[in-house]
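Peer 1: Listed here are the chains, written in short residue letters.
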Amino acid sequence: MKKILSILALAAILLAGASCKKAPKKEKAPAVIGEWQLEAINVRSVQYAGQEVDIYLSFAKDGSFELYQMVGQGRFRKYTGSWTLSGGTLSGTYASGKAWGSSYLVSASGETLTLTATVGGNENVYAKTVIPEEIKTTAHEE
Amino acid sequence: MRKITIYLASALAVCLACTRIVENDIPGQDGELAPALATKFVNTDKAAAPGSFLVKFASAPETGEILALQGVKAVERVFPPFPGNEELEHQYGLDLWYSVEMEEGADLKELAVAAASLDCVGKVEYNTVAQKPESDVKPVPVQNAPATKASYVDEFAQFNDPQFSNQWHYINIGDKAISKTVYKGGDISVKDAWRLATCGDPAVIVAVVDEGVKYSHPDLAANMWVNSGEIPDNGIDDDGNGYIDDVYGYNFVDNGAITWTRKNDDGHGTHTAGTIAAVNNNRIGVVGVAGGSGKGDGVRIMSCQIFSGDYGGSVEQCARAFQYAANMGASLVSCSFGYPAGVFRSDGAYKANGGAEYSALRYFMGKRNNAAVAGGIVIFSAGNDAQPYAGYPGALADVISVSALGPDYLPTYYTNYGPGCKISAPGGEVGEPVSAAGYSNRAMVLSTYPSELDVNGGEYAYMQGTSMACPHVTGVAALGISYALKLGKSYTTEEFNSMIVGSAKDIDARINKFGTKTLVYNTGHVYKTMQMYEYYHKMGTGCIDAWSLMMKIEGTPCSQVAIGSRTWVDLSPYFGSASTSLTYTGLEMSAEDRAAIGLEGEPELNYGRLYLKATKIGSAKIKISAVGGGSAVGTDSTIGGMAISREISIITRDYTAFGGGWL
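Chains as they are written, first to last, in the working numbering: chain W, 390 to 531; chain S, 53 to 715.
Just chain W, with the same shape it has in the complex:
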């Protein structure tokens, strides 16, 4: 009987441990969720002279994202994939299975989302927005 209790106790402990491990460390209402437009790039004070960079991001609750980008000229390109936020670090994978070029430290403040690349340390400041429907419908899917 004692042995059984011990086993039960052990099981309970293990289960408790397991459940502790499984329970997502609730990020505080993930601040990244929503639609964003790149507002400023602080690339060590260097600007992309003459090149227009227009980036829209949409992070959904289900862990998927949509990225609409126009870098330089041309039609918006659409990328999709999944994201995770852990310990204040945002990382993700494109639908192709390739990881993002960098993960980002997240800092949110009201209508602003700042993503600081862990590679190189550049800050990308995004403002809350609604992605124009025209961009969504005409973007070229990558």
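Just so you know, the hints here were simulated from the structure itself, not pulled from any lab data. Among the hints, a few may not be true.
One-sided excerpt, in silico: chain S residues whose CB lies under 7 Å from chain W [claimed, not checked]:
(1) Glu606
(2) Ser701
(3) Ala709
Here a beta-carbon is modelled for each residue, glycine too, at the ideal position from N, C-alpha and C.
Following the hints, complete the assembly by docking chain S onto the known chain W.
Peer 2: Frame of chain W; chain S shown alone:
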């Protein structure tokens, strides 16, 4: 021997049966003339038209000196002066070309030599007349009946034209009823261009230099260019452009109204016009590449008739047609004719013999007729001689010549290929058995046709040849100009030509260079076996890709480059999928741009990639030059490809993601 070929291959016929033959040996070779005099002759008098010849004055025209020659009846400008264009005409020497009309009984050669002896005369050109052999192309007319295939599979839902689904050359769904060897996707990738970019613009005028276009054809009439300055059939040159009653264009052969029903006309001009701009979404017939969306927004066709029954194709007629197209607003000329491959073997040889025709071509290329491109775009067929080089004038380095593909997305048995061929497009090929009943005509190209030429009154016909491939590229180029106008973009002629030639889908991956392509009769007997290695890397840059051109016009995004290590940029967005096999000729980057990204070492080009190492975050532009079609650009001593160049914009970042995503 000088020949002018109308590039439409009859079904399994010997290609040269389609030639229009004009004798023209190299002048002076017979030793009859003193060298100084012989150099003034552009061509010889073989097969020359009686009664007239052309002269180009060395400087200011001295018509009085010509008129003073015994036997001269009149001297008139080859190119009628066009108000407002005098400066450009002078720049290209059009004001120096005169036609000398002779009195009856005068000796052509004697008079031409007498004219050449005058100091004021710089060149003499016999005004040759083309002759059309009895045997000619055999179009296969069809009625305007519902399409034979369940037409309204999704792929063809965009337009309601009932014969659309038979136009595999626009959307090739791999229908084996067309050909057993049909290749899905072997088309011009125009569907998305229509859906997301443009279907045309009536401000874009395309001159079809060919047989007369049936301007009253129900599937063409709404897209015909109309000269608003001319009152039809009043016998007066109302707009003062030098041509009477030129409402839809002009007949340069008969000097009058456009015709398409003379003996031995074969509907060639009406067919090529339909590929460019048959009216779309009008519930009848076929679709044209730039035929609009059904809202009156197709490009406009101008008929410049240089063939009429058994006549036409002379130097003077072609030359005047190009000048007319330029003066009356055409942005492109579509020319499904030319000299057979091998008549000229270098740009220099053609230019020396091109005379008035070459001057007029240069004039067209130098004339801006829209806000998007600084000059005219010239597109020719590569020729049906099955020879490893293109025919001239299409082979000229600054002209686009088009080779032909079958529904199998492979070179056709008749097409020219190799140096001088800049790009390919569907031309059709009936030489494949598809059923016990025989060949499928549907493996050719379907377009508009004059009903008067068919005993059953068919208004559409299947034809094949590089003649049919050429208007596909013209149509796509016309779509490109339409889209550039819509977006407010502007290019030099060289830039726009580079974008066209760089907008191609790969063919070489489809060509098994160690294999063969066999064409067999329906009896099972082999008609022809083609060795594919002969065509590998020789069909220009590949198959024209309409969507790719639209994307280039929208603008190619910056390539992102990570700093700190040597990395590469894929050049296919700039030069098409042939970028891996192109011959690159130059790379330019300013010192300022090098500094802006902290370039370390020299950038290099290899196998379609630009290799470089940047050490600073910033942006830069790099101009890359290449050869479009062939391994070297055509020169005065060689036949070759087109010099093309693109500007690559890069931004450098701490990191990049695979596929170019920002994150």
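Peer 1: Does each hint hold? Answer for all of them.
Peer 2: Going down the list of hints, with the structure as the test:
| no. | hint | result |
| --- | --- | --- |
| 1 | Glu606 | 5 Å, holds |
| 2 | Ser701 | 5 Å, holds |
| 3 | Ala709 | 4 Å, holds |
Checked against the numbered hints given earlier, the structure satisfies every one of them.
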